[in-house]
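Asker: Next come the chains, spelled out residue by residue.
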Amino acid sequence: MLDQRRIEELSSGRDRGAGIRVVVGETTGFAHTADLSESGLVAAAQAAAAVAREGGGGVREIALGPLSNYSTHATLLPGDVDKAKKIELLHHADDIARSQGSSITQVQVALGDSSRRFVVANSDGVFASDHQVRTRFNISCVASGDVGMQTGYRPVAGTRGFELLTMEAIEDAARGAAHQAITKLDARPAPSGDLPVVLAGGSGGILFHEACGHGLEADAILKNASVYAGKVGQQVASPLVTLVDDGTVTGEWGYLAIDDEGRPGARNVLIENGILTDYMWDYLRARKEGRVSSGNGRRQSYQHLPMVRMTNTYLLAGESDADEIVAQTPRGVYVAQLGGGQVNTATGDFVFGMTSAFLIEDGKITAPLRDCNLIGNGPETLQRVDAVAMDFSMTPGTCGKDGQQVPVGTGQATMRLSGVTIGGTAS
Amino acid sequence: MAHAERILESAKGSEGIEVYLASGVETEVQAYQGGIENLSSAASSGVGIRVLRDGPAGAQVGTAWAGSLDEEAITDALREARDNARFATEDEFIAFARPDGVTGATLELTDESVLTTPLDEKIAMAIELERIVRAGDPRIRQVDSANYSDYVAEAAIVSTTGIRASYARSGAYLSVEAIATDGKSDQTGWGLSTGRAPRDLDIHEAAKDAISRATRMLGAVKPASMRCTAVFDPRSTATLLSIIGGALSGEAVVYGRSFFANRIGEDVASPLFTLVDDPTDPRHFAASVFDGEGLACRRNVLIESGRLKGFVYDTVSARRAGTTSTGSAVRGGIAGSPSAGCRALQLESGDIDQAEIFRRVGNGIFVESLTGVHSGVNPISGDFSVGVTGLMIRDGQLAEPVREITVASTLQRMLLDVLYVGSDIEWLPGSASGQSLAIEGIAVSGS
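The listed protein sequences derive, respectively, from chains W and C. The first sequence finishes on residue 750 if you use my numbering, and the numbering steps up by one all the way, no holes. The second sequence finishes on residue 893 if you use my numbering, and the numbering steps up by one all the way, no holes.
Heads up, a few of these hints could be off.
[Said to hold, decoys possible] When the alpha-carbon atoms are kept at most 25 Å apart in a straight line, the in silico BS3-like pairs for lysine-lysine are as follows:
{"no.": "1", "chain 1": "W", "residue 1": "Lys611", "chain 2": "W", "residue 2": "Lys554"}
{"no.": "2", "chain 1": "W", "residue 1": "Lys554", "chain 2": "C", "residue 2": "Lys630"}
{"no.": "3", "chain 1": "W", "residue 1": "Lys406", "chain 2": "C", "residue 2": "Lys458"}
{"no.": "4", "chain 1": "C", "residue 1": "Lys630", "chain 2": "W", "residue 2": "Lys546"}
{"no.": "5", "chain 1": "W", "residue 1": "Lys546", "chain 2": "C", "residue 2": "Lys654"}
{"no.": "6", "chain 1": "W", "residue 1": "Lys724", "chain 2": "W", "residue 2": "Lys611"}
{"no.": "7", "chain 1": "W", "residue 1": "Lys546", "chain 2": "W", "residue 2": "Lys724"}
{"no.": "8", "chain 1": "W", "residue 1": "Lys546", "chain 2": "W", "residue 2": "Lys611"}
{"no.": "9", "chain 1": "W", "residue 1": "Lys408", "chain 2": "W", "residue 2": "Lys554"}
{"no.": "10", "chain 1": "C", "residue 1": "Lys630", "chain 2": "C", "residue 2": "Lys668"}
{"no.": "11", "chain 1": "C", "residue 1": "Lys630", "chain 2": "C", "residue 2": "Lys654"}
[Said to hold, decoys possible] Computed spacing ranges between beta-carbons, pair by pair:
{"no.": "12", "chain 1": "W", "residue 1": "Arg329", "chain 2": "C", "residue 2": "Arg525", "range": "17 to 27 Å"}
{"no.": "13", "chain 1": "C", "residue 1": "Arg805", "chain 2": "W", "residue 2": "Ala372", "range": "49 to 59 Å"}
{"no.": "14", "chain 1": "C", "residue 1": "Arg709", "chain 2": "W", "residue 2": "Glu494", "range": "29 to 39 Å"}
Hints in this document: simulated from the structure, not taken from any laboratory. Think of the CB as a built atom: it goes at the ideal place given N, C-alpha and C, for glycine as much as any other residue.
With the hints as extra help, turn the sequences into a complete structure.
Answerer: So, in structure tokens, the structure goes:
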């Protein structure tokens with residue numbers, strides 16, 4: 324990490340271990356160990372099997388198929404790139420950001436990469452391995468003005484090697500983060516109350532991740548803890564909404580050749596023209612319903628239990644023109660970048676933060692607004708999608724659920740919601 | 447420890463080495479529909495190594511970690527840390543902590559009964575918790591998860607600068623999320639009980655909390671936008687204090703990333719507001735004898751009667767600021783380097799309870815849960831906007847439930863607008879305790 328033009332921290336680490344699940348009826352026993360010797364693995368297996376002690380004994384022969392071996396698409400493996408070269412890139416990004424204006428007083432640039440190899444074997448005969456390589460770069464800027472400080476942020480991340488970080492991508496992010504902070508120095512308080520909102524292509528996808536993505540995960544569905552339970556075949560969104568979760572988008576941050584249960588990543592249509600078509604499934608939840616996993620069983624590491632998680636979740640592009648959507652909005656808010664969000668799947672209420680937003684007045688993007696959250700209810704908000712443009716793009720993010728973090732992508736084209744509650748302070 | 451000493455002995459010339467060893471055991475039980483849904487047990491250990499090289503313009507530091515304590519992993523980590531140090535910028539302020547003469551407090555933070563309590567008893571607690579919540583009110587239609595979890599964690603820090611510190615802590619938790627319905631819509635509530643061991647836990651307290659929070663939200667409506675006084679419940683207050691604690695980190699301050707920078711001695715809050723960070727108070731679950739660099743934790747007064755008194759520092763941020771460490775280094779496990787942070791924030795209690803606060807406030811909003819804190823609060827600019835569920839306060843009493851609203855202000859403004867601090871302190875997991883807190887002039891966005 325480069326902070327204040329200094330390389331403050333260069334850190335590397337290594338983790339290795341095994342996680343063992345034993346499933347008996349509705350009960351899962353789980354243990355993990357960093358001891359990969361035979362005795363270490365047996366001890367972990369015994370701990371995981373503790374829940375099964377009531378069951379009958381017996382030995383079952385398991386025929387593992389030949390190993391399905393998957394590998395990374397990365398062409399420049401992180402370990403093969405000289406550390407000095409990575410540092411040079413950070414300094415370059417810092418220079419570019421600072422050159423955008425004298426009000427930029429702070430720049431933090433971070434670069435991280437990971438190489439993750441795993442093998443999954445289970446008693447149904449699944450036997451698969453993969454090598455996942457991910458690279459991530461972020462830049463954060465602080466601009467200082469007469470009335471305080473403002474921030475700007477841009478990530479560049481993908482399931483790729485160092486080739487992801489082209490000079491163009493780095494410079495673009497650095498300029499973007501700096502301009503975002505500088506622009507917000509003149510920001511006024513965001514409005515308070517219900518207004519039409521135009522979401523720029525890319526980070527707006529977080530809306531769908533929160534407004535319905537989590538509610539379409541089968542663990543919440545099977546516990547009847549989601550507002551979308553029992554609604555397959557029903558109209559749950561505006562006809563403009565076709566939502567897909569897609570682990571197969573090569574190179575995207577949420578890409579996976581196989582999920583953490585050995586199931587190949589898949590393209591799953593969740594909502595088609597506003598009609599709910601299916602949920603997302605992992606091994607356990609799918610088994611319970613007598614179907615197959617949709618390739619959405621993911622875990623943060625061997626120390627965590629797999630559960631149903633999204634991969635790359637995106638709204639298919641529409642037919643409108645992005646500029647015309649703005650022009651046809653007399654008064655509203657234009658959100659150029661969204662931050663994170665959060666949802667209560669049982670009630671459907673969600674929030675998401677806007678980190679770069681502007682007023683729309685008379686169909687034109689005008690004054691910048693200070694950061695605030697938007698709040699809505701998933702099923703209601705999905706009905707309010709009244710325009711979707713053609714300018715599709717994706718953004719990387721980190722999704723947290725039950726204390727586990729996994730990389731995900733979200734995407735959409737510029738779109739409009741006819742009304743959302745804006746959590747600002749201006750009347 | 448023997449491991450760690452051996453690594454220190456390998457230091458070459460003027461090279462500095464710091465070794466952080468951590469290990470822990472944990473158990474987690476999730477009950478569902480009267481049985482066990484998940485039962486996890488695990489033991490883990492690891493090492494984080496920092497290497498310091500002296501150069502003409504200052505020191506360089508490199509870091510590496512390994513998720514195991516076997517010889518090969520440690521040797522690799524040491525080699526990587528040495529290599530990483532070569533690429534760091536030479537910096538006159540970079541240094542390891544040195545013993546500063548402050549003695550660690552005597553704290554009882556580990557209850558060995560976490561390890562001796564039979565697994566069956568722990569499982570039974572989770573199952574019983576779920577049963578009580580389901581049986582507690584006919585409107586409870588689902589218990590999403592009822593969990594028991596515990597841990598015992600140990601850590602040691604040794605360095606070539608003379609640091610020798612080791613400490614341990616245990617914890618046990620019950621948590622439950624209930625879904626209530628009135629036939630038209632659903633609401634959720636979660637309950638919690640925490641302690642150092644299973645015997646400290648109160649199943650009924652956790653159950654009651656979840657049931658009452660879920661059922662009293664039934665029929666919640668979205669109110670019209672307004673500006674009013676907000677009363678934050680103890681959990682929400684703790685969240686608020688953690689955010690403010692972030693801006694009181696010496697690191698954020700020396701880097702100009704805090705709205706408190708250059709304001710020592712100024713009145714930044716209401717005179718009712720006195721905030722300390724005191725990891726030596728064992729009632730805090732994050733209480734600790736030593737900080738993340740092996741210095742003794744101590745009580746630090748941050749804001750006293752509204753006046754900004756000080757910040758929390760680790761060794762490096764203190765050197766940058768021209769002062770000394772306040773024993774406030776925190777680190778996020780073996781993979782994290784030390785940084786300055788609060789770990790046990792406590793707002794000095796007022797002398798009135800929650801009911802009295804409602805009476806004095808008269809009309810306003812009671813904030814029972816916050817969402818979108820990570821996306822709606824900017825600790826650098828101070829902008830604050832979070833999603834809220836809660837209840838209206840009318841004529842000094844709780845009235846109808848409300849949802850799908852946000853409350854907004856700026857952190858700077860909110861500190862000055864504190865009206866009442868409650869006496870109802872709750873000790874919670876995380877870096878802050880909390881009590882009821884009334885703040886005026888909050889913008890509520892609704893329909």
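Asker: If you draw a straight line from the CA of lysine 546(W) to the CA of lysine 654(C), is it 25 Å or shorter?
Answerer: 22 Å, holds
Asker: Does lysine 654(C) lie within 25 Å of lysine 630(C) when you go C-alpha to C-alpha?
Answerer: 23 Å, holds
Asker: Would you mind confirming whether the straight-line C-alpha gap from lysine 630(C) to lysine 546(W) stays at or under 25 Å?
Answerer: 18 Å, holds
Asker: Lysine 611(W) and lysine 554(W) were given as a pair; does the straight-line alpha-carbon distance stay at or below 25 Å?
Answerer: Between lysine 611(W) and lysine 554(W) the Cα gap is close to 19 Å, so the pair holds against 25 Å.
Asker: Determine whether the Cβ-Cβ distance between arginine 329(W) and arginine 525(C) falls within the hinted range of 17 to 27 Å.
Answerer: 23 Å, holds
Asker: Check whether the Cα positions of lysine 546(W) and lysine 724(W) lie no farther apart than 25 Å.
Answerer: 16 Å, holds
Asker: Tell me if the beta carbons of arginine 709(C) and glutamate 494(W) are separated by a distance inside 29 to 39 Å.
Answerer: The hinted range 29 to 39 Å holds for arginine 709(C) and glutamate 494(W), with Cβ atoms some 36 Å apart.
Asker: Would the hint linking lysine 406(W) and lysine 458(C) be met if the CA-CA limit is 25 Å?
Answerer: 23 Å, holds
Asker: Holds or violated: lysine 554(W) and lysine 630(C), Cα atoms, limit 25 Å.
Answerer: Holds. Lysine 554(W) to lysine 630(C) sits at ~16 Å (cutoff 25 Å).
Asker: When you check the alpha-carbon spacing of lysine 408(W) and lysine 554(W), does it fall within 25 Å?
Answerer: At roughly 52 Å apart (the allowed maximum being 25 Å), lysine 554(W) and lysine 408(W) break the hint.
Asker: Holds or violated: are the alpha carbons of lysine 546(W) and lysine 611(W) at most 25 Å from each other?
Answerer: 12 Å, holds
Asker: Taken at face value, is the distance from the CA of lysine 668(C) to the CA of lysine 630(C) at most 25 Å?
Answerer: 15 Å, holds
Violated hint for the displayed structure: number 9, the only one.
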